[in-house]
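Residue numbers are given in the working numbering: position 303 of the sequence shown equals residue 303, and the series is strictly consecutive.
None of these hints come from the bench; they were simulated from the model.
One or more hints might be untrue.
[What the hints assert, rightly or not] Cut-off 30 Å, straight-line C-alpha distance, at most; resulting in silico cross-link-like pairs (DSSO-like, lysine-lysine):
#1 191 - 250
#2 43 - 62
#3 35 - 102
#4 287 - 312
#5 318 - 283
#6 191 - 102
#7 312 - 263
#8 62 - 263
#9 250 - 309
#10 287 - 263
#11 190 - 3
#12 158 - 190
#13 136 - 63
#14 89 - 163
#15 68 - 130
#16 133 - 190
[Unchecked claim] Here are the simulated distance ranges between beta carbons:
#17 81 - 101: 15 to 21 Å
#18 66 - 214: 20 to 26 Å
#19 15 - 66: 36 to 42 Å
#20 270 - 82: 51 to 57 Å
#21 161 - 270: 47 to 53 Å
#22 161 - 262: 51 to 57 Å
#23 260 - 30: 24 to 30 Å
#24 146 - 62: 29 to 35 Å
Heads up, the beta-carbon is just placed ideally off N, CA and C, and yes, glycines get one too.
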Amino acid sequence: MIKVKIGNMYVGDGEPTFIIAEGGLNHNGDIDIAKELIKEAKKCGADAIKFQSYHTEDFISKKSEYYKLFKDLELSEEEFYELKKYAEKIGIMFISTPLDLKYVDILNNMNVPAFKIASGDLTFHPLLEKVAKTGKPVILSTGMANIGEIWEAVDVLKNNGCKEIILLHCISSYPTPYEEVNLHAIKTLKKIFNIPVGYSDHTLGILTPIVSVALGAGVVEKHFTLDKSMEGPDHALSADPEEFKEMVEKIRLIEKMLGTGDKIPMPSEKEVIVEARRSIVAKRDIKKGCTLTIDNISFKRPARGIETKYWKLILNRKIKNDKREDEIIYWDDLLGD
């Protein structure tokens, strides 16, 4: 499987999980809150902070009941430039989701390290084409989509020059019921597309994104808020700084737990092997020259002599010196071949 480079990090099997704090619209249209989100995301250990960039009139109809909501939460182009500079200053990657075509150029001119495409725009091929032509890596959420639609989106991206694509398994319901999370889809997407796959979470709490890493998610995106009680569409299902920090810590712990996949004795087991396995010992006192049989040998801890798996090889062999009951039998104790 290929790996995708975002900024100074690689995403793919064997790499650390790329953790995105989804600031989204949780800045409530206030640049100071947005800066605080960036600062707290960095403190929590996130690799990137992400927002949503749009001109309201270019992506939602004025007749929509949600027009005013999005208009009230809109940040200006200048404010996004300022936020990116602030993120760079404190050492966290800045990513944003363009929700209109104009913002593709704006974000590209800002030199964002990657583009994120919202689930709702997976079928918005004009946006996919424009983003692909920037040559930047693309993180594509797949909420509401079937495999055919995902293939179409991936083909559009590839056919327009995008060589680095990450898919995010996602369920676009807020909050997502646990029985609909379908985390095994992460494995399905990895098998079908052979590209890095992550998980964008909309469940309550932090358990689901943590578990997703154990199932192969190379990216985790979780909504992030300063305070769940703030007014706004996403605060209640977001993780606050305390939760997000705990999530990051547990994801990093799971990464250590997953290991390499090679089934070998671990360093901490090496001393245990001797005490937990068995040796061949004298079942009773055995005199020099006696023949070893199943009646005069036994198998007991510790494992300092002949390994018990070789027990048949010593049967009918003569012993060259006396052995007391429970004394370990070594290869050097045997006569002949």
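To see whether the hints hold, each was checked on the structure:
1. 191 - 250: Between residue 191 and residue 250 the Cα gap is close to 26 Å, so the pair holds against 30 Å.
2. 43 - 62: violated, 38 Å
3. 35 - 102: With a Cα-Cα distance of about 23 Å, the restraint between residue 35 and residue 102 holds, given a limit of 30 Å.
4. 287 - 312: holds, 20 Å
5. 318 - 283: holds, 15 Å
6. 191 - 102: Since the Cα atoms of residue 191 and residue 102 sit roughly 35 Å apart, the hinted pair is violated (cutoff 30 Å).
7. 312 - 263: holds, 27 Å
8. 62 - 263: Cα-Cα ~60 Å, so violated.
9. 250 - 309: Violated. Residue 250 to residue 309 sits at ~41 Å, over the 30 Å cutoff.
10. 287 - 263: Given that 30 Å is the threshold and the Cα spacing comes to 42 Å, the pair is violated.
11. 190 - 3: holds, 12 Å
12. 158 - 190: holds, 17 Å
13. 136 - 63: violated, 34 Å
14. 89 - 163: holds, 29 Å
15. 68 - 130: Holds, at about 27 Å.
16. 133 - 190: Holds - the C-alpha atoms of residue 190 and residue 133 are around 24 Å apart, at most 30 Å.
17. 81 - 101: 15 to 21 Å: Check passed, 19 Å falls within 15 to 21 Å.
18. 66 - 214: 20 to 26 Å: violated, 36 Å
19. 15 - 66: 36 to 42 Å: The hint (36 to 42 Å, Cβ to Cβ) holds, given that residue 15 and residue 66 are roughly 37 Å apart.
20. 270 - 82: 51 to 57 Å: Hint holds: Cβ distance 55 Å, inside 51 to 57 Å.
21. 161 - 270: 47 to 53 Å: Holds, since residue 161 and residue 270 (Cβ atoms, about 52 Å apart) stay within the stated range.
22. 161 - 262: 51 to 57 Å: Hint violated: Cβ distance 38 Å, outside 51 to 57 Å.
23. 260 - 30: 24 to 30 Å: 46 Å Cβ-Cβ, so the 24 to 30 Å window is violated.
24. 146 - 62: 29 to 35 Å: holds, 31 Å
Of the hints listed earlier, those the structure fails to meet are numbers 2, 6, 8, 9, 10, 13, 18, 22 and 23, in rising order.
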